[in-house]
Each structure stands twice: as C-alpha cells, then as structure tokens.
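Protein chains: 2
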Amino acid sequence: MQREPRANVVPAMGRQERGAVQLKDLAKQLNVSVSTVSRTVNGTGRVSAETRKRILAAIERTGYRPNEIARSLKRRSARTLGVVLADISNGFCSKVIKGVEKVASENEYSVFVCNTDEDVGREEDYVRLLLQNQVGGLVIATVGADSRLFQPYLDAGIPVVFIDNLPSMADSYNLVAIDNVKASRAIAQHLADQGHRQIAMLTGPLHQSTAAERTRGFREGLADSGIALEDEWIGVGEFKRESGYRIMREWLEREVCPTAVFAASDFLLYGAIQAIYEKGLTIPGDIAVACFDASDETGLLRPGITSVVQPAFEIGALAADLIMRRERNKEVKRFEKIVLEPNVVLRESSLRQL
Amino acid sequence: MQREPRANVVPAMGRQERGAVQLKDLAKQLNVSVSTVSRTVNGTGRVSAETRKRILAAIERTGYRPNEIARSLKRRSARTLGVVLADISNGFCSKVIKGVEKVASENEYSVFVCNTDEDVGREEDYVRLLLQNQVGGLVIATVGADSRLFQPYLDAGIPVVFIDNLPSMADSYNLVAIDNVKASRAIAQHLADQGHRQIAMLTGPLHQSTAAERTRGFREGLADSGIALEDEWIGVGEFKRESGYRIMREWLEREVCPTAVFAASDFLLYGAIQAIYEKGLTIPGDIAVACFDASDETGLLRPGITSVVQPAFEIGALAADLIMRRERNKEVKRFEKIVLEPNVVLRESSLRQL
DNA sequence: TTGAAAGCGCTAACAC
DNA sequence: GTGTTAGCGCTTTCAA
Chain A
1 MQREPRANVV
11 PAMGRQERGA
21 VQLKDLAKQL
31 NVSVSTVSRT
41 VNGTGRVSAE
51 TRKRILAAIE
61 RTGYRPNEIA
71 RSLKRRSART
81 LGVVLADISN
91 GFCSKVIKGV
101 EKVASENEYS
111 VFVCNTDEDV
121 GREEDYVRLL
131 LQNQVGGLVI
141 ATVGADSRLF
151 QPYLDAGIPV
161 VFIDNLPSMA
171 DSYNLVAIDN
181 VKASRAIAQH
191 LADQGHRQIA
201 MLTGPLHQST
211 AAERTRGFRE
221 GLADSGIALE
231 DEWIGVGEFK
241 RESGYRIMRE
251 WLEREVCPTA
261 VFAASDFLLY
271 GAIQAIYEKG
281 LTIPGDIAVA
291 CFDASDETGL
301 LRPGITSVVQ
311 PAFEIGALAA
321 DLIMRRERNK
331 EVKRFEKIVL
341 EPNVVLRESS
351 LRQL
Chain B
1 MQREPRANVV
11 PAMGRQERGA
21 VQLKDLAKQL
31 NVSVSTVSRT
41 VNGTGRVSAE
51 TRKRILAAIE
61 RTGYRPNEIA
71 RSLKRRSART
81 LGVVLADISN
91 GFCSKVIKGV
101 EKVASENEYS
111 VFVCNTDEDV
121 GREEDYVRLL
131 LQNQVGGLVI
141 ATVGADSRLF
151 QPYLDAGIPV
161 VFIDNLPSMA
171 DSYNLVAIDN
181 VKASRAIAQH
191 LADQGHRQIA
201 MLTGPLHQST
211 AAERTRGFRE
221 GLADSGIALE
231 DEWIGVGEFK
241 RESGYRIMRE
251 WLEREVCPTA
261 VFAASDFLLY
271 GAIQAIYEKG
281 LTIPGDIAVA
291 CFDASDETGL
301 LRPGITSVVQ
311 PAFEIGALAA
321 DLIMRRERNK
331 EVKRFEKIVL
341 EPNVVLRESS
351 LRQL
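As they're listed, the protein sequences go chains A and B. Quick note, in my numbering, the first sequence goes up one by one and the last residue is 354. Quick note, in my numbering, the second sequence goes up one by one and the last residue is 354.
Fair warning: there could be bad hints in the mix.
Claimed, not checked - List of simulated lysine to aspartate or glutamate pairs, EDC-like, C-alpha gap at most 20 Å:
1. K102(A) x D87(B)
2. K102(A) x D146(B)
3. K102(B) x D117(A)
4. K102(B) x D87(A)
5. K102(B) x D119(A)
6. K98(A) x E118(B)
7. K337(A) x E314(A)
8. K98(B) x D87(A)
9. K53(A) x D25(A)
10. K102(A) x E124(B)
11. K98(A) x E124(B)
12. K98(A) x D117(B)
Stated by the list, open to error - Taking beta-carbon pairs under 7 Å as the criterion, some of the chain A residues facing chain B (in silico):
13. G19
14. L73
15. T298
For the record, the hints were derived by calculation from the structure and aren't laboratory data. For each residue, glycine too, the CB sits at the ideal point set by N, CA and C.
Just need the whole structure built from these sequences, with the hints factored in.
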C-alpha cells in the first residue's frame, strides 16, 4: 500500500495512521517542541501564557491523553495500586477495595485487584506480577507468612501496606488494621456478661497473625471473667464456610456443647449457623453467636449478628492514602502502623433477653 | 558522594544500584547480547541449546522478571484488562470480576477493577483512564448510553465487551449476556401461574437496555397470560435499595396494592422487602416477590428469593476469553454476541403453597 | 545462531 | 521560554 503523499491535505481530524494522537503530533501541528507540550500537560516548567493557551486548545480539540505506559516507563513507576485479598465476594474485602479505589481515583491512579482465595501460591504469583507491572504501592491481606516475598518491594522503595495479617518481619512494614486482641476481648466480655460459661471459638490457621490475635484476645477476655477457653473448644480450620460447618457439627455431636460461639470470620460463622439450624436449634435461644465482619448486604438477615465491624472502607482508604503520601515525599522512609479502634455491634444473635 | 571505583569487587548478589536486575545485566554477566536473552525469555527466535541453558540458569539465579511496563510500551498494549462495573459489593459484579480474573491470570494478565456507582461521569473517566493505560481489553457494564465513549477503543483495535447494558451502537460491539427478555417472561409466567393478577415491577432507568428489556419481557410475559402490566405499577427508579424502598412504600399506601412484585435488580428488591416488612406484611403470604440476581452470600436468608440467576462468573470468564482470543488472532475483527440462557430459580418468596 | 541498533511515547536535563 | 536530546527496559528487524 502506498503512502498518501499529500498528507497536508488531510485535515487535523483525519484518520490517524495508528492509534491516538500523541505529544509529537501536537508539537508538529503547533510548531512547538515536544518538551513545551509536555511541560504544559504536566504543568511543570515555564510556558508562555500564549503558547500554553494554544496547546491547551489543541489538546481539547484533539482529545489528546498522555500514554500512561510511556510515562510509567520513564518514571519507573506506574500510577497504579495493587490490592491483594482473599476474596472479593467477602464484604470486608470489597469494602477495602472501595476505600482504596476512592483514594486512588482521586489521585488518578488505577487499581489492580487480585483474589488469592487464601492460596499462598496465588498470592506469590500476584505479588510478583504486580511488581513486574511497577505498581506504585501494594495493599495486601497476606496469607503466607514469608516476608521474603516482599523484599523486592522494599528494595525498590515501593510501599507495601498490610491490612490484616502480618508477615514475620521485624519492623520494616506498614500496617493499617484494627486491634484484633482488643476486639476479641470485648466480644468475650459480652458473652460472659450474658451468662455464658461454655464458650467456643472458631478460628483460622494460627500461623496467620489475625487468627492468632483474635484467639488470644478471646482467651484473655474470657480469663478476665474467670472462664477458661478449653483447647477442645478452639476449632481451628480455614477461614471458610465449610470449616465452620464441619467443626460445629462435631461439637453438636458431643454430650456437652457450647452455649455460645465466636467466629474469627463471617464465613466460619455462617457455616456454623447452618449446622446449628440443621440440628433444629435456635439462635440465640440455644446457642448465642458472634463473629468478625458479619456483613449483610441484603439487610434482611434475622437474627442480626453480633459482630466486630472493621472499618473496612476506611482501612482501604487509609492504606491507599499512606501510599500516596509516600509517593509525594519519597524522602520519608519510615514505616507507619495505624491501629484503629475496633467497633463492636451487639445484635440479636447474642442477646439472651430479647 | 563518591562512586565506588572497584565495582567488580561487589559480588553478583550485591546491592543493586537501583531496582531489579534487567535484561542487559544478564547479557553482560553471560557475555551475550540483550536480544539473545530476550529471545530465550520469550521463547521466540532460535537460541542454541547451550546458551539457552546458561541464560535460564542465570534467570533462575537472579530472579529476573521482565519489566511489564517496558514490554507494554514496545508492544503498545499492556497485558491488563479493565473491568468497569457499578458496584463491586454486588454479588453479580464480584462474580463477574472473579470470572474475568480467572481467565486473565491464566494468561498472565492483571485486572483493573473500576466501580462507577452507576455514575456516568465516573464511568467516562475510568474508560478514558484505562485507555491511557493501554489495557488489552475492556469488560464493561455500562450505564451511559453514549457509544462515542468507546470509539477510541474501536480505533485502536482494543476489544470492548459489554456484559449488561448495550450502548446505542449499530453492530460494532461484543456482548456476553443472558437473554433478559426471556428471563423476565419466565418470571412473569411463574407469577401468573401462582394466581397473581395484580403484579408490579420495579425497574431501573429505562434508557439502560437491561432495564428496558427486563421490563418489556415482563410485560410480554404477563400479556401472554392475559394480564396487563399497568403503567402505574411500573416503578422506575435507580438500581438501588433506596429506590425500591421508596416506590414500594408508595404502592403500599394505595387502596389496592400489588400481590406480587418483580424487581429488575436485587438491591431494588431488598429495599422493597424492607418496606413490606415495615408495613407488617409477610412474604410470600401477603406479597410474593422475585428479582434478578438475588445473591445471598450468607446462605441464611429466609425466605429464599425467587430469582433470575445470571451465570455471572461464566459471563466474566467468557468476556475475558473473548478478549484473549482477539489478542491471539488480531486478524479476526468480527464482533461476537454471546447470549446465554437465563436460569430461573424458584424459592419460597414467590411460592403460595409452602 | 547471534548481535547491533532502532525505536515504543514520554520526561527532564541541558543548552540556547 | 523554548528546543534538542538522551534515555526509561524491552522487542524486533536486519545484518553478520
């Protein structure tokens, strides 16, 4: 195919050879240099009022948008954030993402979302892939405890913010999370106050710091009321529905079974509740229940579930904001730990007198 | 500060000047050219078995990973997918994302997730931002009907897949969705079969094709049973809880009110149900209800809600797969429309005899 | 089979 | 104020 020789005949809006208008096209059109255009686009350096106006007009007219990939290559960092979470369908996770997204979009950042399904291998793959994509920061609820995974981020000066579990690092990490111990203590206190003495806990893998902390806090809280949390009534599974169901069923088979159950995650509890109902028991009549992050998008669930409500949106927003602040002040190299107050909401599922 | 003059003294694993090991580092170490390393990394072009082995070993040893940004710039397309949806907290949306993500990660793609909250302005911003980020494809449940927004994608040959609403384009788009008309007809049929005659519909903005189709299908389905869907019983709002609540309340104030309500989205219905309960009425005793995409993550909702269940995960996966196929066969420029069969699940919320 | 070199679109010295 | 130019890290002709 022959090149069109009389290119000038083609008006400015004519078919573009390949893709979008770019810096040099504008420069050529306006008889200025690419750097002048670049400077006005970025508002950096001086440009005379008149040329600026012409350039802005041309940008408007042509709909020019800078190629973010080229910018990122030059800058060696993309205006993107990676968010790595267990499961986007989970209310906590989706709210965290929304929080991250809000702050990100305010800063013209885009957000990569990655579901690990609590699979350590997938987490590793994503963490690496995001690094290859030169994300400006990483927000992660990690399930693998191996902190070496994040070393390349430290080396590259890319902020990593943990919002849930902590890997086994000394001090070189950022954290935005609630005080899990305190939250669990509060629930323990509440169940004890309600008169329960046979109390069980459903929790996740204890090598995950959240599972460990929530269990510890719960045990301590019960101890404060002179109640022992027996080992046999600490059900350790995965943070999944099936685990809660299975463990609760086993408990219900025994001669004595708990009158109150606290779960370290919502799905664990939903599984347990299913087991309780299948046995023909009622909540809170026969068994009181509570958990972390009960989230009922429908607003129709009865009974309402007593719950530690993490400020998930805020956690996401704060995590993203931390990254943005680091981005602005590259010099500030300290690590930040933001620990939020837990919020406990009492609902019917644990209230004896209704 | 003075440069270290005896650089060779520093072992290979020593502190890197800046960031990660890259192609030219490997090339230098192994006394081969960057192109040879590049060829073995990508498995393109011929490389002798021996050098290939040495290079792979070095990659393993150094943990080299190609910089995706640089690749993207060269390729003029990033290995990323954009997903633009109303609200990640919605069960339909989160499942779509998971479907997209599954296929994407199988292809070493990353996924940008964007919540529009049904705001046309935000949708536009995101669509443009994703283009600037050179996404390899776009999966979108659009709310704005202006097809010009997507023209730059067409021009650049970037596949756009609609999974919900259609913009007002002629034929040049891809679609993966269920047959909304058919699904709504089925619900209409069911409610008529249950003996209902005063039937109402809650729907979204009628300029959105899904809202329009669902309404049309429902009307046609009722007509098949000789029932007219009165205009006054078509409640048009936003696809949000508040709309459902507000409209249902109005209906409940009237002398005659519907005995069955069908909602074009889950949140619309949840709002309506709240209004029904506040009025002291029961479901399905007083009013039968059904909707699109009732999703109960807890599994504890009673009554279960009769619903058109879109295969959301599959929709996402098919949409992503379509993009991947286009990516492989750039030559294939046709557009695809994949219409899936609707799946209707009858539950207690609409069953008279329980 | 391998290497040299030209970009991909942009930013930022540095020179004028 | 403005322009020239050297890369950012990679892929890909084109020669050798």
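So, going through the hints one by one against the coordinates:
Restraint check for K102(A) and D87(B): the C-alpha separation of about 12 Å stays at or below 20 Å, so the hint holds. For the hint pairing K102(A) with D146(B), the CA-to-CA distance comes to about 24 Å; that exceeds 20 Å, so the pair is violated. Taking the CA atoms of K102(B) and D117(A), the gap is about 11 Å. The hint holds against a cut of 20 Å. Between K102(B) and D87(A) the alpha-carbon distance is near 12 Å, which keeps this suggested pair within the 20 Å criterion.
Proximity of K102(B) to D119(A) is assessed by CA-CA distance (about 14 Å); at most 20 Å being required, the pair is judged to hold. Proposed proximity of K98(A) and E118(B) is supported: the alpha carbons are some 14 Å apart, at most 20 Å. Distance restraint check for K337(A) and E314(A): the Cα-Cα separation of roughly 14 Å lies within the 20 Å cut-off, and the hinted pair is therefore satisfied. With a CA separation close to 9 Å, the supplied pair K98(B) and D87(A) stays within the 20 Å bound.
Of the supplied pair hints, the one linking K53(A) and D25(A) holds, its CA atoms being roughly 17 Å apart against a limit of 20 Å. Restraint check: the Cα-Cα separation between K102(A) and E124(B) comes to about 16 Å, which is no more than 20 Å; the hinted pair holds. Pair hint K98(A) plus E124(B) holds up; C-alpha atoms about 18 Å apart against a cutoff of 20 Å. The straight-line distance between the Cα atoms of K98(A) and D117(B) is roughly 10 Å, inside the 20 Å bound, and the hint therefore holds.
At a threshold of 7 Å, the smallest CB-CB gap from G19(A) to chain B is about 5 Å, leaving the interface hint in force. Interface hint status for L73(A): upheld, as the beta-carbon distance to the closest one in chain B is roughly 5 Å, under 7 Å. Proximity of T298(A) to chain B holds as hinted, the smallest CB-CB distance being about 5 Å (cut-off 7 Å).
In summary, the one numbered hint that this structure violates is 2.
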